Every structure is written in C-alpha cells, then in structure tokens.
Amino acid sequence: MGRGSLEDQVAKLADYEASDLPERTKMALRLADRLWGDHRSVDGAFHTELRRHFSDDQILDLGMCIAFASGWQRFVEAFQVVPDRWAAGDPLPWPGPAPEARPSG
Numbered sequence: 009m010g011r012g013s014l015e016d017q018v019a020k021l022a023d024y025e026a027s028d029l030p031e032r033t034k035m036a037l038r039l040a041d042r043l044w045g046d047h048r049s050v051d052g053a054f055h056t057e058l059r060r061h062f063s064d065d066q067i068l069d070l071g072m073c074i075a076f077a078s079g080w081q082r083f084v085e086a087f088q089v090v091p092d093r094w095a096a097g098d099p100l101p102w103p104g105p106a107p108e109a110r111p112s113g
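For the sequence shown, position 33 matches number 41 in this note's numbering, and the numbering has no gaps at all.
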C-alpha cells in the first residue's frame, strides 16, 4: 500500500476515497463496501471499472476473500464468539471493552 507506518495506512481506511491510497487499493475497498453493503450495486458498470485494475482471477479472489471475511464476522457476532483469552482478561487488539460471550448451554 505504499509508505508510512501501519497505523498511518490503517487510518486512511476510514476515509479511503479522500486518502492518497493508490486507485487500485481504493477500487478493492469499493468492492468490499459494496459486497458488505448493497451487493446488488456490483453491476456491469462496476465490473467494467474493476477490470481496469484487476484480472478476472484477481476479482474472483478479492470477492471470495471479502465474502469469507464478512460472513465470518457475521457468524462471530451472531453467536457472540469470544476467544477464551479475551474472556479471561487478556488485552484486546483494539481499545474498548471486550465483547461479551453468550452463556453456553
């Protein structure tokens, strides 16, 4: 993604359209936004724009990775899956409270 610290690069994701990220990276993020939000907006015009930056194989790989990640996130949230180490009080990789685990049984 270019130069800069990892923190700087991650910070650009919040408003990637206004960032200095490469256009190819922005296009991948647009695909992720559309697949996560309104997947029906991935229409012919959007496919044409994707193909300006990626091969068909790359588009398939991106789509599958995005679909897996978003599906996994929905699964984890629906079943309130919390790693044992976080439930036991280990530090989280982000600021804020630990998610609550759903009681088993």
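Everything labelled a hint here was simulated from the structure, so no lab data went into it.
The structure displayed is predicted, hence computed values, not measured ones.
Ideal placement from N, C-alpha and C gives every residue a C-beta, glycine not left out.
There may be inaccurate statements among the hints.
Pairs of lysine to any residue residues, derived as SDA-like cross-links and limited to a Cα-Cα distance of at most 20 Å, are as follows [as the list claims (entries may be wrong)]:
#, residue 1, residue 2
1, 34, 78
2, 34, 23
3, 20, 74
4, 34, 14
5, 20, 51
6, 20, 32
7, 20, 47
8, 34, 44
9, 20, 50
10, 34, 64
11, 34, 95
12, 34, 16
13, 34, 72
14, 34, 50
15, 34, 18
16, 20, 48
Label-pair restraints from in silico Cβ distances [stated by the list, open to error]:
#, residue 1, residue 2, range
17, 53, 96, 43 to 51 Å
18, 94, 13, 35 to 43 Å
19, 105, 64, 18 to 26 Å
The hints, checked one at a time:
1. 34 - 78: Since the Cα atoms of residue 34 and residue 78 sit roughly 18 Å apart, the hinted pair holds (cutoff 20 Å).
2. 34 - 23: holds (10 Å)
3. 20 - 74: Distance ~19 Å between residue 20 and residue 74 Cα, so the pair holds.
4. 34 - 14: holds (17 Å)
5. 20 - 51: violated (26 Å)
6. 20 - 32: Since the Cα atoms of residue 20 and residue 32 sit roughly 14 Å apart, the hinted pair holds (cutoff 20 Å).
7. 20 - 47: This hinted pair is violated, its Cα atoms lying about 23 Å apart.
8. 34 - 44: Distance ~15 Å between residue 34 and residue 44 Cα, so the pair holds.
9. 20 - 50: The given pair, whose Cα atoms are some 23 Å apart, is violated under the 20 Å limit.
10. 34 - 64: holds (17 Å)
11. 34 - 95: Violated, because 35 Å separates the two Cα atoms, which is more than 20 Å.
12. 34 - 16: holds (16 Å)
13. 34 - 72: Answer holds: residue 34 to residue 72 is near 18 Å, not above 20 Å.
14. 34 - 50: Holds, at about 15 Å.
15. 34 - 18: holds (13 Å)
16. 20 - 48: violated (26 Å)
17. 53 - 96: 43 to 51 Å: holds (49 Å)
18. 94 - 13: 35 to 43 Å: violated (25 Å)
19. 105 - 64: 18 to 26 Å: For residue 64 against residue 105, whose Cβ atoms are near 43 Å apart, the range 18 to 26 Å is violated.
In summary, the numbered hints that this structure violates are 5, 7, 9, 11, 16, 18 and 19.
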